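Student: Read off the chains here:
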Amino acid sequence: MSENTHAAPTRRGIVRHGAITWQDYFVFNTDHKVIGIQYLVTTFIFFLVGGLLALFIRYELLTPAETFDPAAYNSLFTVHGSIMIFLWVIPGLAGFGNYLIPLMVGADDMAFPRLNALSYWMLMVGGCVIVSGYFVGAASSGWTAYPPLSLQSPYGRAFDGQTLWAIGVIILGFSSMFGAINFLVTIAFMRAPGMTPGRLPLFCWAMIATSTMVIGATPVLAGAMIALTLERTLGMTFFGPATGGDPILWQHLFWFYSHPAVYIMILPAMGLISEVLPVMGRKPVFGYKAIAASSMAIAFFGYLVWGHHMFTTGLNPWLQTSFMVASMTIAVPTGIKIFNWLGTIWGGKLDLKTPMLFAMGFVGLFVIGGLSGVTLAAVPIDLHVHDSYYVVAHLHYVLFGGAVTGLYAGLYFWFPKITGRMLDDRLGKLHFWLNFIGFNLTFFPQHWLGLMGMPRRIASYAPEFQSVNILSSVGAFLLGISVLPFLYNAITSWIKGPKAADNPWGAMSLEWQTSSPPPLHNFHRPPVVTHGPYDYGHGTGPQPQEALAAGD
Amino acid sequence: MGFNYSGIMTNQEPSRRPRVIADSEQLAKVTRHRSAGPGAALFALGLIAVGVAVAVFAKLTPVAASNTAAQVDLLFNTMLGIAAAIFLLVESSLIYFAFRYRRKAGEMGDGRPIHGSNRLEIAWTIMPALIVLWLGTYSYQILTNIRQAAPGGGMTVEVTGRQFQWEFFYPAYNVRTVNDLRLPRGEAVSLKIVATDVLHSLWVPALRIKQDAVPGRQNAMNFIAEANGVFPIRCAELCGAGHSRMIGSVTIQEAADFQVWVAEQQAKPAADAPTLITQYGCPACHTLTAVGAAGLVGPNLDGLGARAGEAVEGLSAEDYIRQSITDPNAHVAEGFQPGVMPQDFGTRMTPEELTTLVNFLLEQK
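In the order they appear, the protein sequences are chains A and B. Position 10, counted from 1, in the first sequence is what our numbering calls 10; the numbers after and before it change by one each time, with no gaps. Position 115, counted from 1, in the second sequence is what our numbering calls 115; the numbers after and before it change by one each time, with no gaps.
Just chain B, same shape as in the assembly:
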C-alpha cells in the first residue's frame, strides 16, 4: 500500500499548523492556471447557453390542454434549464478533476493544505439562495394564476372516485357517466371531487393538475380547457387491486358539440347490457370476453350462466347472480377477496338495469 503511518506521533507542537484559508491567489495556484478568469468566464457562459437552450427547446410533457398547463410547462422548463446548468457544472467538475488530479502510479504526497475559502462559501450560499428565492416567487405567481384562471363558478361537475371507477354527474343537466368526462372548450369548469371508499386522485396530465378524492371531504379543481381532443384521466393515488385500471378520459369539444352530447344523454333510452357493464365500471375488475373486458381483480364472468346454478346450494343461477351484484360479500368466489367489490350497486342501479344485467350474464354460457 502507498502509505504506512503506523508510527504514532508524540504530543508535540500541538498548534504547529494553523488552518489555511485560501485566498484567491492560492486558489488560482491550485488549478495551476496563471489566470483562470477568461476560461472560467467562458465556461460559465457555456453553462448559461446550455441552460437557456434546455429551457427553450425541452419538450418533456404531453399536449397542454389549458393555458395554465402551458404556464406550468414554462415554469418547469425554466427550472430544468437552471438545473441543467448546475448539473453540468457539477458533473464536468467531477470528470475534469478525476482526470486532471488523478494520482499517477507511484505518486506520493498530498494536495495543498487548503481548508476552505470564506469567499467561496459565501458565494455558493448566496447564489443558490437567490435562485431559490426567485424560483419560489415565480412558482407562487404561477400557482396564483392557476387559482385565478377559473375561480370557481362556471359549470359544475360532481366527481366521485370509488374502487375502481370515476363517476361524473352534471347536476345542471341531470346526466351521469362513468369514466367519461365531457367538457365544452373555453368554459370555466369546477370539478367537485369526493370519494366513497378510499383515497383516489384525479389526474389529467394534459391539464397538469391532479386533485385527491378524499372520503368525507370535497375538493375542487377549477380550470378552463382550451384544446379540443380526448385526453387520459388516471387515478394517481394507490386505491387497491384495481388501481391500474381506474382509467377514464376527458373529451374536450366545442360548446355546441357538447350540448348535442348532453341532449343525447338525456334522451338516451334504457341502456343495453354491454353499455351498463361499461357504465358501471365492471371491466376494471372482471374479464368478460363478450364486451372486451379483461380485468383480473375479480372472478372471470365468461361462461357464468352455465355455472351460476351450482355456485351456491339452494340459490338459482338468477338469484345467485343478482345477489353477487347487490351483496357481493354474501358468497365470495373461491380464491378472491371479500370487500373489494363496491357494495352499493343495489342502490345505484335501477331495478330495470339490474334485470338487464342479470339476464345478460345468464346468457353467458
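The shape of chain A in the complex, shown without the other chains:
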C-alpha cells in the first residue's frame, strides 16, 4: 500500500478538491473537510448575526413600553429565530457531520462529494435570500409564519421579505436533505473494514437518526413553503380562510417538520458530547447500545408529537390526549441518555479542559429544558403557558443550553484536528463561564415571566415584569460579550496557536489516528478497525480503534 497515490488537491475550473490556499475555501470544493470548515465558519457568522438581533430584542424589553417600531420589532424576532434554527444550529451540526463522518467511519470522503458541495452552496444562497428580505421589508410573522398573518402584505407587495423567507427556507430544506442523504449513504456503504455497526462512534448513530428525520420530515416543510409562496404571489388558496383555505392545515404541516426539527437540532449535539465525555472522562461510554438505541427511539417518537404545539387551536380532545402521551414518552429515551452520560463520567479520570466543561454543561442545562418539556406536554399546563415566555425559556434551554453548548463542546474538542492548532484553554474556560452565567441569567427568569402571564413576541409588557426583564437582558448582554474571548481565541489560535499533536486528547476513534489536520484523503494508510471506539481503562492506556491493514 502506497502512502496515498492521489494526494494532491485538484482543480478543474471552479470545481476543486482539497485546499492548498485560502482561496480554495471560497469555491465549489468537493473535499468534505473543506466543506465541513465552510459550513462551520459560515454558520458561526450567521450565529453572530442572529445573536446581534437577539441583543436588540433584549434591548427593547428593558422597558415596558415600545422602544422600536412595533413592526420592526416583529421582524427582529422573526429573523432571529429563522437564522438561529435554519442557518446556525441545523447546518452547524451538519458541518460537524460533514467533517467528522468520513473520518469516523474510515472513508476518504463522502459518498457524493459534488452533492455535498452543492448542499453547502445552497445553504449560502438560502441564507442570503432570507437575510436579503431586509431590503424589501423583512418577514415579521415569527419563524413559525402562521397564516393568515404571513399572507398579509404589510409592505403592499407580494415579493417582500416573507416571500423571500419562504423561498429561502425551501432552498435550505433541499440543502439539508442533500446533506442527510450523503450522511446516510456514507455511513451505510463507506465504512472501513471491521467498522461494524456496533463499533460506530455514537455521533454516527446520532447522525443516522437525524438524517432519517431530515429525509422524512423536510419534504413536508418544503411543500408547505411552496404552497405559502404560491398563495402569496399567485393568489392560490391553501391556508387563507377568506378564500376557503385552512390556516390550521399550515400548523399541521409546519410542525410535522418543525417538531422533528427539534430532534434534528439536538440529536447531533447529543452525539457530539457522547464523543467528548468518554475521551475527556477516560472511561468507556456507559451503555453504548442504550445511547444508540435511544437516538433511534427519539427519532421514531419525534414523528408522533407535532400536535403538542397545537393544543390551543381547538384540536380534537382525543388527539390532544394522544399527542400528550406520545410527547411525555420521549422523556424516557432522553432520560436514558442523561443517565448513561452520568454513568460514563462516574468513576472516570475527568480531564476538565474546556471541551469537557461544555460537554458537562450540556448535560446540566439540557436536563432543565427536558424537564420543562414534560410540563409543556401536559395539556392542562400547556393551555396556560403556551406561547408565553415559559416556552421561550424552555426552547432556549433545549436549543442553546443543549444544541449550542454541544456545538461549542465540539468546536473546542475537534479544533486541534480541524486546524492543526491548539486553542488556549484559559480563554476557553473564561468563555465557558461567561456563557454559562449569561445564559442562565437570561433564560432562567423567563420561566417565571411566562407562568405569571407574559406572552412571547410582545414589545411592551405589564410594568410588574420589568425588573425580571432587566435581569434577563443583562444576562443576554453578558452572553453577547462571552462570544468575544471565543472569537479572539479561535482566530489567533488558528493563525499562530501551538501546533496540535495528532491525538492531543488520547482518543481512540479513527479521526484521531490520522494527522492534524488530516491529509487530503484522510488516512495515510487505509484503516482496519479491530474494536470499539471507547475501550478505555485496560491498563495499557487508550488504544486506537484502528489497526493497520495486513502487510503494511
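These are calculated hints, taken from the structure and not from any lab test. Each hint should be verified, as a subset may be incorrect.
EDC-like, lysine to aspartate or glutamate: derived pairs with alpha carbons at most 16 Å apart [as the list claims (entries may be wrong)]:
id	chain 1	residue 1	chain 2	residue 2
1	A	Lys-496	A	Asp-425
2	A	Lys-353	B	Glu-107
3	B	Lys-104	A	Asp-246
4	B	Lys-192	B	Glu-158
5	A	Lys-496	A	Asp-424
6	A	Lys-289	B	Glu-121
Note that the coordinates shown come from a computational prediction; the quantities given were computed from them, not determined experimentally.
Given chain A, work out where chain B should sit, using these hints.
Tutor: Just chain B now, kept in the frame of chain A:
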C-alpha cells in the same frame, strides 16, 4: 500533552478484551465506598424531601380565579416537585463527579473499563416510564375536570378577535364591549371565540386557559369564574404590529353587580368620542394625547384637525378623516403600511358614532 499514542497497533488479538458489564460489586468499587447503601438512601430521601417541599410551597403562578385553575397549579407543582428532585440528582452528580473524579496534575491512566450495567439501564428506563405514565394519567384527569367543570351551556359571550382588539358580545342582553369582559362570579360561562382577520389567542392567566381565535371556525372556552377581581386578558398569538397592545381585562363580580352593569350598558346614551375611541380599540395603534392613547402602529392623531385639509388634494378635512376611518387603504399616510387598519369600521359604527368621531378629530388642532 498528556497522551501521545501515534503508534498504530497491529492487528493482533482482535478479541482480547471482552466487554465488561458491571455487576453491583464493581459499581460499588468505582465509587470507592464499601457500601454505598446508607448514603444513597439518605441522598434519595433528601431528593424526595426537596421535591415535596417544592411541590407544596412553590408559588409561581398568578391568582387562581377558578377552581380548575387551582387544579392546574397543583398538577404543575407536582411536576415541578418531581422535576426538582431529578434536577438535583443530575446537577449534584455532575458537580460531585467534577470534584471527586477530577484528574490530578500529571495523573495518567483511565477509569475502570465499565461498559454499562443492564440492571441500571432497566432501572432508569422503567422508573421514568412509570413516572411519565402516572403524570399522563394525572394530566388527563385534570383535563377531564377542566372540560366537565362547565360543559357548555350557561351564559354565552361571543368573542371576536381582530387586529388589534377583543370584542365581547352578550347575545342575551344585546350588549357589546371592546377589551372589557364582565362576568358574574360562580356562573357557568361559555365563550364562543372567532377571529375576523388573522389568528389571535385569548389568554386569561388567572383562569390558566387560553384558546385560539381562528378565522373560519368557532372555538369554545367554558369555565366558572370563582374569584372577584379584575384580571388581564392578553393576546397570546402573534397577530401583527399591534400584537403587544391587544390587551383587555376580565372583571369578575357578584351576579347582582353584573346585572347592574348590564342594565347600565343597555340604558347607556350615545357614547361621547373618547368612549368611542376606547370602545373601538383605536389606542392600540394610534397616539392621541387627548384620550391618553400612545400606540405606535398607525399615524399619530394629535393635531389631525389642523393638517387633515391638506392631506389629500380635493378632499376636505372632514371628508379625509371620514374616508380614513371607513376606507383606510384609500390614502395611507406616508411611512405607514396599508392593510393594517381594520376595514370594517364603516359597517360596525353607526352613522351617528362616525360623525361624533370625525367631529372630535377635527377639533384636534
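Student: Please go over all the hints and tell whether each is borne out by the structure.
Tutor: Okay, the hints, checked on the actual structure:
Pair hint A:Lys-496 plus A:Asp-425 holds up; C-alpha atoms about 15 Å apart against a cutoff of 16 Å. Of the pairs offered as hints, the one joining A:Lys-353 and B:Glu-107 holds, with about 14 Å between alpha carbons and a cut-off of 16 Å not exceeded. Among the hinted pairs, B:Lys-104 with A:Asp-246 is inconsistent with the structure: their alpha-carbon atoms are about 63 Å apart, more than 16 Å. Restraint check: the Cα-Cα separation between B:Lys-192 and B:Glu-158 comes to about 5 Å, which is no more than 16 Å; the hinted pair holds.
About 11 Å separates the Cα atoms of A:Lys-496 and A:Asp-424, which keeps this hinted pair within 16 Å; it holds. The straight-line distance between the Cα atoms of A:Lys-289 and B:Glu-121 is roughly 10 Å, inside the 16 Å bound, and the hint therefore holds.
This entry does not satisfy hint 3, going by the numbered hints stated previously; all others are met.
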